Amino acid sequence: MMWAQPLFEARRRFVVSLFSCYYQCILIHKRTLVNVKLKWVKDPVLDSVVSSTIQLKATSTLVSVIGSHPDCSLPIYSLSKHRGHLGLPRDLKLSTFIRRYPNIFQEFYLPDSKGTPVPWYKLTPEALKIYDDEKHCVLEECYMDILCRLQKLLMLTKERLLPLQTIDQLRWDLGLPYDYENKMVAKHPELFSFVKLSDERVALKLLVWDDRLSVSHLELNNSDDENSNQALAFPIGFTRGFGLKKKCIEWLNEWQKLPYNSPYIDASHLDPRTDVSEKRIVGVFHELLHLTILKKAERKNVSNMRSPLALPQKFTKVFERHPGIFYISKKGDTQTVVLREAYDRDQLIEKHPLAHIREKYGSIMKKGFLDRSRGLYKKERREVLKDDMVNLDRYEFESEEEIDGNLISVYESDETGSDYSVSLTSDCPERLNGLQSPLSRRTAAEVQNGSRRVGASRLLVSQHAVGASLFSLPVLRQQMTSVLGGSRHSVNSNASSEDGSHESRD
1 MMWAQPLFEA RRRFVVSLFS CYYQCILIHK RTLVNVKLKW VKDPVLDSVV
51 SSTIQLKATS TLVSVIGSHP DCSLPIYSLS KHRGHLGLPR DLKLSTFIRR
101 YPNIFQEFYL PDSKGTPVPW YKLTPEALKI YDDEKHCVLE ECYMDILCRL
151 QKLLMLTKER LLPLQTIDQL RWDLGLPYDY ENKMVAKHPE LFSFVKLSDE
201 RVALKLLVWD DRLSVSHLEL NNSDDENSNQ ALAFPIGFTR GFGLKKKCIE
251 WLNEWQKLPY NSPYIDASHL DPRTDVSEKR IVGVFHELLH LTILKKAERK
301 NVSNMRSPLA LPQKFTKVFE RHPGIFYISK KGDTQTVVLR EAYDRDQLIE
351 KHPLAHIREK YGSIMKKGFL DRSRGLYKKE RREVLKDDMV NLDRYEFESE
401 EEIDGNLISV YESDETGSDY SVSLTSDCPE RLNGLQSPLS RRTAAEVQNG
451 SRRVGASRLL VSQHAVGASL FSLPVLRQQM TSVLGGSRHS VNSNASSEDG
501 SHESRD
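Numbering-wise (full-length UniProt numbering), the sequence shown opens with residue 1 and increments by one.
I should point out that these hints are in silico values taken from the structure, not numbers from a laboratory. Among the hints, erroneous ones may be present.
Claimed, not checked - When the alpha-carbon atoms are kept at most 30 Å apart in a straight line, the in silico BS3-like pairs for lysine-lysine are as follows:
#	residue 1	residue 2
1	K247	K257
2	K81	K300
3	K39	K300
4	K246	K42
5	K135	K122
6	K360	K183
7	K330	K39
8	K205	K317
9	K330	K367
10	K39	K247
11	K366	K135
12	K129	K351
13	K183	K129
14	K93	K314
15	K93	K367
16	K300	K196
17	K42	K366
18	K331	K93
These numbers were taken from a predicted model, which means no experiment stands behind them.
Work out the full structure, taking the sequences as your base and the hints as a guide.
Structure, rendered in structure tokens:
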């Protein structure tokens with residue numbers, strides 16, 4: 001039995017060694033998977049930045065869409081097709097938003113193929129000037145800078161390609177011009193190509209890798225550091241009043257000392273369950289936000305990039321775990337991720353030339369909104385309405401079937417499916433021919449027959465238009481009386497909550 005003792009001792013040592021390794025593995029995993037959850041603290045200053053940018057993005061995008069059209073004017077149904085890229089609240093009608101800024105968008109009406117008046121919008125001279133400055137900045141002054149941003153975005157991805165829908169969602173954030181496919185991509189066939197994905201979507205692929213661009217912003221700022229290729233620490237700042245527990249501070253200090261992996265290199269060898277992998281994910285979004293003009297982006301837009309960036313599930317949890325690097329604003333109907341280090345309170349520390357131009361948009365938006373709230377444009381609209389009534393009064397109604405114009409008609413928006421009241425302008429009187437509505441036909445017949453009463457004709461005026469129009473119902477009654485011969489009429493308005501319209505009856 002003496003021979004069994006060494007065998008037993010060897011077996012004991014093996015078991016002890018096995019348990020020792022297992023215990024060390026547990027310690028390592030516990031160390032690399034620290035379950036730290038930091039609280040979210042509201043930052044009113046950054047919230048105000050995000051809130052103002054929501055309307056700025058929508059206005060700037062609409063200006064680009066209208067300005068890119070040959071006539072610099074588009075109907076409401078064409079603008080509604082771009083609703084998804086505006087970032088407006090769902091309960092806000094597009095026409096309501098546009099009418100907030102009459103010093104940027106000038107509203108007029110033209111008939112469609114069926115003769116129904118449709119609201120159109122064109123840019124004011126002041127808005128056109130800023131739009132020309134923006135085109136000069138994007139297509140000339142900062143052309144190469146914006147082109148490099150697009151290249152770096154594609155270099156962040158695993159296969160150096162992204163669907164066009166994904167790029168479209170980040171177009172305004174990156175500073176890309178409207179119709180960038182033709183204005184920028186098509187000019188560089190040596191750099192880009194369009195490919196068709198398996199799901200029939202079209203993607204943009206980068207053909208050439210540029211080592212000069214494969215340096216992250218964090219690496220560039222630490223290029224003089226001897227430790228630049230190992231542990232790089234992210235700039236961190238917290239909201240005033242943010243309290244960190246001692247355990248969180250210790251974890252954060254240890255996390256900052258972990259190796260930094262560039263977002264431009266392959267990281268498939270990293271275990272996604274470790275803090276090292278998490279630090280690389282933070283580095284990817286740190287670089288992505290630095291590629292944007294205003295150093296922020298909507299969370300849903302970056303969430304769509306999980307597969308192209310080869311990131312694990314629930315990768316956006318890093319935003320909650322690192323509130324000192326990222327701030328999540330919950331303003332609007334979405335969440336916006338802001339890079340804290342890029343802001344000194346509500347001001348960008350380093351402003352791109354395009355950011356200065358966007359500030360010009362913000363200035364005239366503020367001015368137009370205040371002037372409109374003071375009733376400045378309301379008075380001008382009333383004067384235009386009076387001129388329109390005089391012009392309409394000069395037209396001769398020939399029959400019930402053929403008339404020259406009408407005071408009010410109904411337009412059903414493609415966007416909302418509700419009625420809009422339409423006041424025809426007099427800038428294009430020749431376009432008024434052929435516009436017919438039940439109101440105008442009945443009114444024409446009564447005028448032709450010498451009747452001085454409106455009778456039982458119904459005036460359909462949408463509830464939205466009455467609330468947002470620049471004239472009041474008493475003024476409307478007075479103008480209708482003047483057009484129909486100056487006789488006494490009684491026009492009563494009854495609001496219908498079911499169809500969203502007002503009915504005026506004798």
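Status of the hints after comparison with the structure:
1. K247 to K257: 16 Å, holds
2. K81 to K300: 20 Å, holds
3. K39 to K300: 21 Å, holds
4. K246 to K42: Measuring from Cα to Cα gives roughly 21 Å; hence the hint holds.
5. K135 to K122: With Cα atoms ~17 Å apart, K135 and K122 stay inside 30 Å; holds.
6. K360 to K183: Holds, because 24 Å separates the two Cα atoms, which is no more than 30 Å.
7. K330 to K39: Holds. K330 to K39 sits at ~15 Å (cutoff 30 Å).
8. K205 to K317: Roughly 28 Å between the alpha carbons, so the hint for K205 and K317 holds.
9. K330 to K367: 26 Å, holds
10. K39 to K247: 14 Å, holds
11. K366 to K135: This hinted pair holds, its Cα atoms lying about 22 Å apart.
12. K129 to K351: 21 Å, holds
13. K183 to K129: 20 Å, holds
14. K93 to K314: 33 Å, violated
15. K93 to K367: Status holds; Cα separation ~21 Å.
16. K300 to K196: Given pair K300, K196 holds - Cα atoms ~24 Å apart, limit 30 Å.
17. K42 to K366: 25 Å, holds
18. K331 to K93: The hint holds at about 18 Å.
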